[in-house]
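Quick note, the sequences are listed as chains A and B, same order.
The C-terminal position of the first sequence is numbered 417 in this note's numbering, with every residue numbered one higher than the one before it.
The C-terminal position of the second sequence is numbered 417 in this note's numbering, with every residue numbered one higher than the one before it.
Note that these hints are calculated values from the structure, not bench results.
Check the hints yourself; a few may be wrong.
[As the list claims (entries may be wrong)] Quick list of in silico lysine to aspartate or glutamate cross-link-like pairs, DMTMM-like style, CA-CA up to 20 Å:
| id | chain 1 | residue 1 | chain 2 | residue 2 |
| --- | --- | --- | --- | --- |
| 1 | A | K139 | B | E266 |
| 2 | A | K352 | A | D380 |
| 3 | B | K408 | B | E266 |
| 4 | B | K52 | A | E398 |
| 5 | B | K52 | A | E27 |
| 6 | A | K52 | B | E27 |
| 7 | B | K120 | B | E154 |
Number of protein chains: 2
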Amino acid sequence: MKFWGKKESVDVTKAGRTTVQKNVVSERVYFDWAAATPLLPAAYAAMKPCFKENFGNPSAIHEEGKRAREVVERARSEVARALQVRPEFVTFTAGGTEGNNLTILGTISQLQAKGRSYEKMEVITTKLEHPSVLETMCKLEQLGVRVKYVEVNEEGLISLQNLKKLVTAETVLLSVAYANSEIGTVQPLHSLKKILCEAEKRFKDKVYLHVDAAQAPLWLNCQLDSTQADLLVLDAAKCCGPKGVGVLVRSRRSEILSSSFGGGQESGLRPGTENVAGIAGAAVAIVAAQADWRARAEKIREVRDKGISLLLKTIPQAVLNGTKDDKRLANNINISLPSFDTEYAAVWLDAKGFAVSTKSACSSAGGGESLVVKTATSDDARASSTLRLTLGPESTIEEIKNLSIHLKEWIVLMKSV
Amino acid sequence: MKFWGKKESVDVTKAGRTTVQKNVVSERVYFDWAAATPLLPAAYAAMKPCFKENFGNPSAIHEEGKRAREVVERARSEVARALQVRPEFVTFTAGGTEGNNLTILGTISQLQAKGRSYEKMEVITTKLEHPSVLETMCKLEQLGVRVKYVEVNEEGLISLQNLKKLVTAETVLLSVAYANSEIGTVQPLHSLKKILCEAEKRFKDKVYLHVDAAQAPLWLNCQLDSTQADLLVLDAAKCCGPKGVGVLVRSRRSEILSSSFGGGQESGLRPGTENVAGIAGAAVAIVAAQADWRARAEKIREVRDKGISLLLKTIPQAVLNGTKDDKRLANNINISLPSFDTEYAAVWLDAKGFAVSTKSACSSAGGGESLVVKTATSDDARASSTLRLTLGPESTIEEIKNLSIHLKEWIVLMKSV
Numbered sequence: 001m002k003f004w005g006k007k008e009s010v011d012v013t014k015a016g017r018t019t020v021q022k023n024v025v026s027e028r029v030y031f032d033w034a035a036a037t038p039l040l041p042a043a044y045a046a047m048k049p050c051f052k053e054n055f056g057n058p059s060a061i062h063e064e065g066k067r068a069r070e071v072v073e074r075a076r077s078e079v080a081r082a083l084q085v086r087p088e089f090v091t092f093t094a095g096g097t098e099g100n101n102l103t104i105l106g107t108i109s110q111l112q113a114k115g116r117s118y119e120k121m122e123v124i125t126t127k128l129e130h131p132s133v134l135e136t137m138c139k140l141e142q143l144g145v146r147v148k149y150v151e152v153n154e155e156g157l158i159s160l161q162n163l164k165k166l167v168t169a170e171t172v173l174l175s176v177a178y179a180n181s182e183i184g185t186v187q188p189l190h191s192l193k194k195i196l197c198e199a200e201k202r203f204k205d206k207v208y209l210h211v212d213a214a215q216a217p218l219w220l221n222c223q224l225d226s227t228q229a230d231l232l233v234l235d236a237a238k239c240c241g242p243k244g245v246g247v248l249v250r251s252r253r254s255e256i257l258s259s260s261f262g263g264g265q266e267s268g269l270r271p272g273t274e275n276v277a278g279i280a281g282a283a284v285a286i287v288a289a290q291a292d293w294r295a296r297a298e299k300i301r302e303v304r305d306k307g308i309s310l311l312l313k314t315i316p317q318a319v320l321n322g323t324k325d326d327k328r329l330a331n332n333i334n335i336s337l338p339s340f341d342t343e344y345a346a347v348w349l350d351a352k353g354f355a356v357s358t359k360s361a362c363s364s365a366g367g368g369e370s371l372v373v374k375t376a377t378s379d380d381a382r383a384s385s386t387l388r389l390t391l392g393p394e395s396t397i398e399e400i401k402n403l404s405i406h407l408k409e410w411i412v413l414m415k416s417v
Numbered sequence: 001m002k003f004w005g006k007k008e009s010v011d012v013t014k015a016g017r018t019t020v021q022k023n024v025v026s027e028r029v030y031f032d033w034a035a036a037t038p039l040l041p042a043a044y045a046a047m048k049p050c051f052k053e054n055f056g057n058p059s060a061i062h063e064e065g066k067r068a069r070e071v072v073e074r075a076r077s078e079v080a081r082a083l084q085v086r087p088e089f090v091t092f093t094a095g096g097t098e099g100n101n102l103t104i105l106g107t108i109s110q111l112q113a114k115g116r117s118y119e120k121m122e123v124i125t126t127k128l129e130h131p132s133v134l135e136t137m138c139k140l141e142q143l144g145v146r147v148k149y150v151e152v153n154e155e156g157l158i159s160l161q162n163l164k165k166l167v168t169a170e171t172v173l174l175s176v177a178y179a180n181s182e183i184g185t186v187q188p189l190h191s192l193k194k195i196l197c198e199a200e201k202r203f204k205d206k207v208y209l210h211v212d213a214a215q216a217p218l219w220l221n222c223q224l225d226s227t228q229a230d231l232l233v234l235d236a237a238k239c240c241g242p243k244g245v246g247v248l249v250r251s252r253r254s255e256i257l258s259s260s261f262g263g264g265q266e267s268g269l270r271p272g273t274e275n276v277a278g279i280a281g282a283a284v285a286i287v288a289a290q291a292d293w294r295a296r297a298e299k300i301r302e303v304r305d306k307g308i309s310l311l312l313k314t315i316p317q318a319v320l321n322g323t324k325d326d327k328r329l330a331n332n333i334n335i336s337l338p339s340f341d342t343e344y345a346a347v348w349l350d351a352k353g354f355a356v357s358t359k360s361a362c363s364s365a366g367g368g369e370s371l372v373v374k375t376a377t378s379d380d381a382r383a384s385s386t387l388r389l390t391l392g393p394e395s396t397i398e399e400i401k402n403l404s405i406h407l408k409e410w411i412v413l414m415k416s417v
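Using the sequences and the accompanying hints, generate a full structural model.
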């Protein structure tokens, strides 16, 4: 997986400016890979012809249409091969949020269309989920569906005991993130699936597993059978593909209804002219991400662990949020600095050349504390003082070391105020 | 408005091929601008930095995030200025289909959330609409909303008399296309609005006007007050912008609820990380399309009218579908060849180097007759033999002349079979 040359990909101080003075440009360190990733040059190369000569509508009958259709179907085949499913089970969406909406609403609508009333359906999820899942759950509740939140431990891991208790004959769906976008906790999907399988046997009815894998492709195996998911949602923009494109992968037994209406594109699940260029780029990115996720994860896990040790040592106030080892996403560092307002730390670090965040970008509009850390730890001080570093495949311990020096400086400054 | 050099934009025979032999490449004539348009080089130029150095998430707190946010908000301001609204009334979507869905479902959900039951709501539309409107109407009917279809004449123009009769105290929305995507009929929006205003006075309640303006920006004035719309839907891909991006423009008095759920992006109306590059390109395309729509339309209307005369003269079997003069979209030619299967004509012409269609690409998946022509003319023979030529700003009468020769050839061939 080759990225843009460092200067080009990481230095954003030039963007949008008409003239750049030489030697004034400073090197930036980008530690917010969970929020956005640079586009892979190979993905861009696949998109480019679709912006120029290959501009047709894939539904059109003529040469221009057929060429566009070829691009879309080739992309579908490539994604299908990478995730080990048949192409007809791959649906291109406009991103992870749309994918999660389509999956959750679509599963429930399909069951309702088959005659099961909303009041006879239960969905299980956690309070750690991304807004695109949590907000959709609120919609389900409005419809009359019962939503249950399974307990998690301090590290954000789902309590299997509690899940077993929660599953009833009315449970139709379990919705969880493969890896949490804030604290990086990787859920034990196989153990979850086992509980659902037992429930299916006991109640003689299907319980679907929806896995929001937005954070996964660069660092975890996303082959459908390896995740055990019935419905797997990816977002190209989180794995070096373009923004505005996602993928929903379905198992053979899953059934969903579309929540939008129009032409028959994407087997009727996602109507509207296909985003041909975006789809071409997404496929390249997903294939590249999955091609060497293991080596990439092993390499960066080392940097992460050294970085965590370093931060905890340099900054005695720091507390680690989330899990360790394999149960933590390879590129995720999330610490709390209780009694500090870390939004200011993020701003301070930004001025020093480091892009970090406090929580997920989609939750950030509201400001305030991290619902994820609050749920896991029940500790307000920790929840309102999170700092998230999500590393890229080429991040180094030296970069974290430099960051820690600036962070230490900020803490000293804050204490003296 | 500058397009790609002809060779580059129109010749798609090179696309996806690794080697091209010199002098073998033939010039293509692209007459399917209603289905897809080439991307404007200036739009591409605006997108490019967002694929490279400016890759941040617009909701992120740091420099990379802020730069991405600037791109999105600058694009919003530019679109707002072009359409003469305030930026807060511009929402970026993932395309025209999503825009129409959001508008129709969003208006109804908002009213329902305010306490009006579905059964107490009526929506009026025509049977000529794009699938993204017609299929959404089916969804409304499932919910219990009454959907009424206003009569149109043989040319596809809405019957004002009939509309007056249909509007009742329960009518909440009229949903029409500015210009029909198949036969190019431009609806008299001012007259429609007048009827709605009268109804509003009579029944002391709002009746919103939703205008699907997907086909309009290159050829018609899309300033919100000029369209009289409460909700105006555009699709960047139909006016030389990128695929997968649309715009919903709202009047001050309109109120809609989102139909998808997640982060607070786009004022909560369209959650999910913004497609920054796409939005940047869409803004450039929409601004350029609107900057000189009048001159562009006047020029191509001449070519269209000469083309129509020529086709009707060369091919005596041909019948024109739709209207004339200003009431017909400047770039639209739609004829029927009763008793011929024009899908074969489209394939024949394609082989001869002409990209044409039989109807809208979104309706094409199903094959079969044109519902638009069927509704307008009640003539099965005409409805099942349509041929649509949608011209570009640089199309010429010579190109139509060449096409007519090949079409004539095909007809002779068919008759001899």
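Comparing the hints with the structure gives:
A C-alpha spacing of about 19 Å is found between A/K139 and B/E266, which places the hinted pair at or below 20 Å, so the restraint holds. Distance restraint check for A/K352 and A/D380: the Cα-Cα separation of roughly 28 Å exceeds the 20 Å cut-off, and the hinted pair is therefore not satisfied. A threshold of 20 Å between alpha carbons decides the hint, and for B/K408 with B/E266 the separation of about 51 Å lies outside it, so the pair is violated. Proximity of B/K52 to A/E398 is assessed by CA-CA distance (about 25 Å); at most 20 Å being required, the pair is judged violated.
This hinted pair checks out: B/K52 and A/E27 have alpha carbons roughly 16 Å apart, not beyond 20 Å. Between A/K52 and B/E27, the direct Cα distance comes to roughly 16 Å. Compliance with the 20 Å bound is thereby established for this hinted pair. About 32 Å separates the Cα atoms of B/K120 and B/E154, which puts this hinted pair outside 20 Å; it is violated.
The structure is inconsistent with the numbered hints 2, 3, 4 and 7, although it conforms to all the rest.
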